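K.L.:
As a plain string of letters, each chain reads:
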Amino acid sequence: MTSRLRAENLTLSYDQRVVTQGLDVSIPDGSFTVIVGPNACGKSTLLKGLARLLKPKAGTVFLDGEPISGYSAKQVAHRLGMLPQTPIAPNGITVGDLVARGRYAHQSLLRQWSREDEAIVGEALRLTETLELSGRFVAELSGGQRQRVWLAMVLAQQTPIMLLDEPTTFLDIAHQIEVLDLCADLHDQGRTLVAVLHDLNLACRYADHLIAMRAGAIVAEGHPSEVVTAELVQQVFGMDCRVIADPETGTPLVVPAGRDARRQARAGQLVASVPELGR
Amino acid sequence: MSSAVAEQPSVAVEPEVRLSGKVLRGKILGGKAFSLRLDVRAAVLTGVLLLVTLGIGTLSLTSGDFRIPVADVLRSLTGQGDTGTDFIVLTLRLPRVLTALLVGAALGVSGAVFQNLTRNPLGSPDFIGLTIGASSGALIVILLLNGSAEQIAIGALIGCAVTSIAIYLLAYKGGAQGFRLILIGIGVGAMLDAFNSFLITRARLDEAIGAQRWLVGSLNGRGWEDVRPVAIALLVLLPIALLNGRRLTMLSLGDEAATALGVPVERTRFTLFAVSVALAGVATAAAGPIGFVALAAPQLARRLTGTTGSGLLGAAVMGGFLLTASDWVAQRALPDSSLPVGVATGAVGGAYLCWLLVHEWRRKA
Amino acid sequence: MALAIDVRESPPGGPVRSANAFRVLGLVAALALLGLVILLSVAVGARSIPLGTSWQLLWHNDGSSQAAIIHDLRIPRTLIGLLVGAALGLSGGLMQALTLNPLAEPGLLGVNLGASTGVVIALAFVGVTSFNGYIWFAFAGAGITSVAVFILGSTGRSANPERQVLAGVAITAVLGSFVYGVLVTDPEAFNRYRFWDVGSLSDLKTSSGWQVLPFILVGSVLAVSLAPALNALAMGEETGRALGAHILRTRALGMLAVTLLCGAATAVTGPIWFVGLAVPHIARMITGPDQRWVLLYSMVLAPALLLAADVLGRVVVAPSELEVGIVTAFLGAPVFILLARRRRMADL
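Chains as they are written, first to last, in my numbering: chain A, 1 to 279; chain B, 1 to 365; chain C, 1 to 348.
Note that these hints are calculated values from the structure, not bench results. You can trust all of the hints, since none of them are fake.
Computed footprint of chain A on chain B; a stretch qualifies when at least three of its residues, placed anywhere within it, have a C-beta under 8 Å from a C-beta of chain A: (1) 34-40; (2) 241-254; (3) 261-268.
Each pair of labels, with its calculated beta carbon distance range: (4) G174(B) - T2(A): 32 to 40 Å; (5) K55(A) - F34(B): 34 to 42 Å; (6) Q66(C) - R202(B): 22 to 30 Å; (7) E231(A) - G288(C): 40 to 48 Å; (8) L248(C) - W224(B): 55 to 63 Å; (9) R202(B) - S130(C): 28 to 36 Å; (10) L248(C) - K74(A): 50 to 58 Å; (11) T2(A) - L36(B): 35 to 43 Å; (12) A46(C) - N220(B): 38 to 46 Å; (13) D64(A) - G288(C): 52 to 60 Å.
All of these numbers come straight from a predicted model, not from anything done at the bench. Cβ atoms here follow ideal geometry from the backbone N, Cα and C, with glycine treated the same way.
Excised from the complex, chain A in its bound form:
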């Protein structure tokens, strides 16, 4: 298993708070990797560190064998594309214009815009099914449409590796599936995808490599069917559950324990902790 993108001994901090410390991670080439974990476990921070958006306090991120800080901004942008969590759409920009900005890394002073750029933008719009929206203002679009447009922009960048920070937050279930299906298509076409998702079940459905994090450390890594167990969910999320096979796809499906079951479990714990009560 080769890894073009990996990190060694990575320590990342945010506003004086250390989020990850001494982390080692390798993104398998050609995989659809999903990072999961509870709130504030450091998954977004890790993604930003991998995308060189955050300068590590210690440790190194390697891209194609070299430290990522050694590349110029454009060189990295040729290989790595990232969709941030809350992207800002400038006022009054149209869909076509926004997606066109994804071509920046392939343009230069003399070659500012060519027919090839246009073709690639058109293809990106087609793949994300946003071609009909191309003349409209981004601000007027629905959440799902906007997310597809941002994906089109990252697509137009034409990178073999794509990092996506919570691409499905604030989308309804249908749009979440829509976006993730699109990601799966992009993955099938040969790209390496790394996404941060907060929905564990969707992560199990789409990922072929899962990274589970808690409190800034990687708790488990591997194929979802091997890694996702009730013990892992308890360890990472602190929640009781059952793991069954998804009737649709066969991937692990996490079913949280019911209220009564959880109450009994808590009572059982309490009884066990106070021996006098047991008599």
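Using the hints, position chains B and C against chain A.
P.N.:
Frame of chain A; chains B and C shown alone:
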């Protein structure tokens, strides 16, 4: 152009959809080695604005203590006039018009860069302490050192430079993000404003009035020695700004997205901040702190051309237009004397803010 | 088997009660501080009078030259400083609560300059020279400016802090340009204005204090009465509405209070900056976010700050003096810069 590590899906050579002209504005010019997308409408409108500006400038050359007919003005400009007209047109009036044009352009570009860097239509070198710093430098020369006109200009430049360095350093916290530049610029500006008030209140009345006149901003008595520095500055700095124009446009997507797309964000910001400061400084040194051109020109240009890019060239031309027109109006406003141009641009600023107010109010209602 | 778990409540009158006791204590300390500053304000100056003597002369006017200085010059100055300081501090706290903008304050947001321009218009164009006349122009100026800043400074329906500050500066610049543009043609008016523009407590008559007192009183009462509504508003418009606060009415009344307070204060002393900025922050550090306490503390601490700045101005360049407006700018701007540095990324 293909990157060595390409594993992308193949792209059809013949695009299925023509995007330019319909979706993306403008035409594609050029071929293999050189190509760009030209927004034809924006280019034409900017060109027209430039012509209008030149027309107003020529009109300015006709008015003054002696009215000179347009035909004679044109003759002098082309080197065929008589010495009398030549003197008035070429030595007295032309430098003033050129100063207005160039200072306006410099202010327009400076403002456009700033508004893009801070992603705020109210961002302007006037407000974030740069021109106040230039004023402090100039006031020190005027009131404390009793300097000559050149020394005042140098004082303004130094004041602007020192202030901007202080602002950048104070705003730097892992990078000098736009919102911090604005706030700290305002803070520094408030302090320097108090310092300026202190100087003005401690001076003799006649000195204070003289200083205040400079502070309002004026093009009176500007000669070729004032045109040269601004022209040189524009010649050097405008290309630098234009070279970074595409990067500036990309910055509007936010630091993270811009970095991900391949823009060296902090380096770009530093370069453009320096360019904006230098242009504002030179403009202030030449004509005093002329307000609101840097504020209004970029937005008005954007409205005119409809561009979503950084709009630097449009802002330059619009700035030149605003200042030239303001000067023309200011000269003819009062029957026997002329208002300093800063008063006219102040009125422009007031009108612009009122329009912005109404616009924002309507947008929310 | 039912488990009778005895969840112990906090001791009667527990944590909340002790927090209130702390706040009352703090208020007493603040009042003591204010008292000290008042004494200094009366004693210190070009001819400094020892504290003990000042204290005595305050109560017994024995006709000496020292007593004359105290009663004719410094007491009026101190009284007006108290009033104006309280007004500005209260407005600052009010503005910060109304707009949820920790950087708001009447000077920065151009309200003081709006009042000032109103006065200039009254004096220069309308020819109104009596204080009772031009104070209404000050109110008009302050009111219009606060509304304008609010509109310009919001994105969407809520106020955006950085944008608001910028809007304030923009309006200040326009008004300043207008005023100075007008004055450039009138040297005498310019001469008077350049001193007034700085914001000063010197050469003031007690009568001006009496004249603004009613407005400042009404404004203060109005402001303090809005405190509970402001507490609800602090969590955002929608939450506030759900809690029963009348958003529009609170905002309108709040702006009215700001107009009265700032208009009156500026009409007496000229525009003074930054007094309303730091004081609410300091108050919040001691009392927490409860607006009733924050506003109360602001009313006490702000005059202390203003008078202290005035005293400083008399000391630093003795025997001449530095106007209080200049001192507050030099002291307040660094505070503002510090606050600005602490802010996190926000969309403009």
